[in-house]
Amino acid sequence: MSYSTILAGVAILAVIAFVGGLVRARGHAAGPVKMHSQLGYYGWYAAVLAALPAAILITVWAASEPAVLSRLVARELPATVDTLNAAQHSLAMGQIQSISEGLPKLGAADLAIIKKARLGFTPVEEAQRVLKEHGIVLGSPPPPYVINAAADLTENRAISRYLLAAIAGLLAIGGLFYGVRSIRPRLRARNAVEKVMLGGLAAASTVAILTTVGIVFSVLFETIHFFQGVSPSNFFFGTVWDPRFSAAGSADTIGQFGLLPLLWGTLFISFVALAVAVPIGLMSAIYMSEYASQGVRDVAKPALEILAGIPTIVYGFFALITFGPLLRDVGAMVGLEIAATSVLTAGIVMGVMIIPFVSSLSDDIISAVPQSLREGSYGLGATQSETIKRVVIPAALPGIVGAILLAASRAIGETMIVVLAAGIAANLTLNPFEPVTTITVKIVSQLTGDLEFDSPQTLVAFALGLTLFVITLALNVYALYIVRTYREEYE
Amino acid sequence: MEHQVVHREAIGAEPLQPATIIARNVNVFYGAKQALFNVDVDVPRNAITAFIGPSGCGKSTFLRCLNRMNDTIPICKVTGKIMLDGQDIYDPDLDVVELRARVGMVFQKPNPFPKSIYENIAYGPRIHGLTRTKKELDELVEQCLEKAGLLKEVHDRMHEPGTGLSGGQQQRLCIARAIATRPDVILMDEPCSALDPIATAKVEELMDELKENYTIIIVTHSMQQAARVSQRTAFFHLGKLVEVGDTRQIFTNPRDKRTQDYITGRFG
Chain A
1 MSYSTILAGV AILAVIAFVG GLVRARGHAA GPVKMHSQLG YYGWYAAVLA
51 ALPAAILITV WAASEPAVLS RLVARELPAT VDTLNAAQHS LAMGQIQSIS
101 EGLPKLGAAD LAIIKKARLG FTPVEEAQRV LKEHGIVLGS PPPPYVINAA
151 ADLTENRAIS RYLLAAIAGL LAIGGLFYGV RSIRPRLRAR NAVEKVMLGG
201 LAAASTVAIL TTVGIVFSVL FETIHFFQGV SPSNFFFGTV WDPRFSAAGS
251 ADTIGQFGLL PLLWGTLFIS FVALAVAVPI GLMSAIYMSE YASQGVRDVA
301 KPALEILAGI PTIVYGFFAL ITFGPLLRDV GAMVGLEIAA TSVLTAGIVM
351 GVMIIPFVSS LSDDIISAVP QSLREGSYGL GATQSETIKR VVIPAALPGI
401 VGAILLAASR AIGETMIVVL AAGIAANLTL NPFEPVTTIT VKIVSQLTGD
451 LEFDSPQTLV AFALGLTLFV ITLALNVYAL YIVRTYREEY E
Chain B
1001 MEHQVVHREA IGAEPLQPAT IIARNVNVFY GAKQALFNVD VDVPRNAITA
1051 FIGPSGCGKS TFLRCLNRMN DTIPICKVTG KIMLDGQDIY DPDLDVVELR
1101 ARVGMVFQKP NPFPKSIYEN IAYGPRIHGL TRTKKELDEL VEQCLEKAGL
1151 LKEVHDRMHE PGTGLSGGQQ QRLCIARAIA TRPDVILMDE PCSALDPIAT
1201 AKVEELMDEL KENYTIIIVT HSMQQAARVS QRTAFFHLGK LVEVGDTRQI
1251 FTNPRDKRTQ DYITGRFG
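Taken in sequence, the protein lines are chains A and B.
Just so you know, the first sequence maps onto residues 1 to 491 in the numbering used here.
Just so you know, the second sequence maps onto residues 1001 to 1268 in the numbering used here.
Incorrect hints may have been included.
If you want the ones that stay clear, here's a sample from chain B, every Cβ over 12 Å from chain A, calculated [to be verified]:
#1 1056
#2 1064
#3 1067
#4 1068
#5 1102
#6 1104
#7 1119
#8 1123
#9 1128
#10 1135
#11 1154
#12 1183
#13 1252
#14 1255
#15 1257
#16 1258
To be clear about the criterion: a stretch of chain B counts as covered by chain A if any three or more of its residues have a C-beta under 8 Å from a C-beta of chain A, and this derived list gives those stretches [said to hold, decoys possible]:
#17 1088 to 1100
#18 1141 to 1149
#19 1241 to 1249
Here are the simulated DSS-like pairs of lysine-lysine, each with C-alpha atoms no more than 27 Å apart in a straight line [what the hints assert, rightly or not]:
#20 389(A) - 1257(B)
#21 1135(B) - 389(A)
#22 389(A) - 1240(B)
#23 1202(B) - 389(A)
It should be emphasised that the hints constitute simulated quantities derived from the structure, not laboratory data.
Glycine included, C-beta positions come from ideal geometry on N, C-alpha and C.
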């Protein structure tokens, strides 16, 4: 019995409870005592009582079932399994998992074959073939003990689901009866439903926050794991990035994981991007908010914001295929040697990408400067550009700085453009015409490599990710702080 | 509705100097809506002229015509003639920036720039290059603060933000700021409506002193204020100038029924 069947059953009971609550409330409404809430609330009250406890039970059950079941299976495995190394062990567990998921799909004849294989009467290759016919592809023929365990697992899972269905059904029916019977005119159904609403909203925001916390901690633990193999000083102060992919696996070579070239590449490209985006974005924001007529603004502002909607991968291949070669050819014409993937290529394209961030945020901030300040300046005989330069921009400056910092944190975390357009060589260079690489690029290449997961070559991605996270978080917090201080001035 | 604008001084009024602003046949449109109808008014030099009338009567609109502040509103159109010392201020050849330096303005809500007190006042002189050295600028700033009666209160915090002052002080700072560009005329758009009575009294006192050297036009909702500070009063109603004359005459012996109804509080 699957979770969806159980959930559907609970939902049906909830509907019955709703209707029952409504009918009972209607009966009371005809009586002499005035109802506390509108009738619909009594229906919801009964439905919530029927569905909520059962739903919570199902959620908890679903979260804990796999762990419990695999613990039960592991206990029954032969002692030889414990002697396997970690990779082989997890392979065996994986096979058990997938076979047990496949077993319920088999017909009686196929099940018989599996059974024979399990007892050793049929070669295990036969079992592998039968399973493959039903879409379960195994890398190697399953040993009998695996088939055994899988059969146990299937059985246990079925028991677990029936148990759950029974308990959840009892809970829902109990809730239904309690809910419907407790309806009387003075029952404050409206307040109770309100509380459930509140709980639902709070739960939604908790999910978002817990997810963030969970991500941070999982990255943090892997980072700690990484630093057990590589010293922090090697990582934070090393100037050489050479993770030694080829030597991975052999214990004596660790490789060098110097963060500095990557950090430098990230900052260098972000700096170029900001050098492009800040002047253009700011000037277009000033034009939009101060000079453009309504008609121009109605067209130009959405057009600029479309720029923010272009997927960054599109920017990436634009940089790789069009802009990089163009820049190289132009450079060659004036005698400059520009690599097709370079700081300049990635920086400029990334700058174009973040123009809308700068311009749109700055536009809002400049528009928020009170009109009375502009009039005060005009009233003293200042021209429009003097007013903008000396009154409007200084008044909006904290907010603009905040906008720029937010754009900077976008640039630092940007991945697709630099993967395609910045190169992969970790260079510690001041020359913007040379390729460099960034933190994000290296995270991609370390994780997509064909390496064991717990080697430092892979784990370094988490250390890099955490570093990036700390940098962008600090920038965001500082930017929000600045923007908030600014807001207090006019409200 | 036809009405005659009569310029006759009431008996016993102090003699006023010749007009510095002469407006004739001024009409203002916001898009298709007409906000002012054929306004004719003379504003005498070195005196305070008050514009009164109920909300939406066009008095602020007319005030904003006098330094062409309405230019900042794209749909606003002004016709007719407004002369400042014999020069048509709507002449296409006239530099509106220069005009606004000559016709200063103080707004309803105090609007100091988010800069220091010093920088607020130095703003106009810097833009127009009125001073050559730092010392001259310092002196000018002090003079203006002195004239606005603010110097004593702020002399030890000239470099602190102007937004940190109280409402009344901020409004006097705005007046000081307006004086700093050496205007001939100062327009005040309900300058005391956001102030408490004590701050209002200070600003009124200041206006009375300033009228020795400046032509002041004040828009006000308070008839008491108009009666207290002004020498001439113009009453606007529904976009029309109903009556203009000596303040004492307007408040004691209005010629028009509508003026009488307004000042006796029957509407407005």
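Outcome of the hint check:
no.	hint	result
1	1056	holds, 19 Å
2	1064	violated, 9 Å
3	1067	violated, 7 Å
4	1068	violated, 9 Å
5	1102	violated, 8 Å
6	1104	violated, 7 Å
7	1119	violated, 9 Å
8	1123	violated, 6 Å
9	1128	violated, 6 Å
10	1135	holds, 22 Å
11	1154	holds, 18 Å
12	1183	violated, 9 Å
13	1252	holds, 34 Å
14	1255	holds, 34 Å
15	1257	holds, 36 Å
16	1258	holds, 31 Å
17	1088 to 1100	holds (count 4)
18	1141 to 1149	violated (count 0)
19	1241 to 1249	violated (count 0)
20	389(A) - 1257(B)	violated, 51 Å
21	1135(B) - 389(A)	holds, 25 Å
22	389(A) - 1240(B)	violated, 39 Å
23	1202(B) - 389(A)	violated, 33 Å
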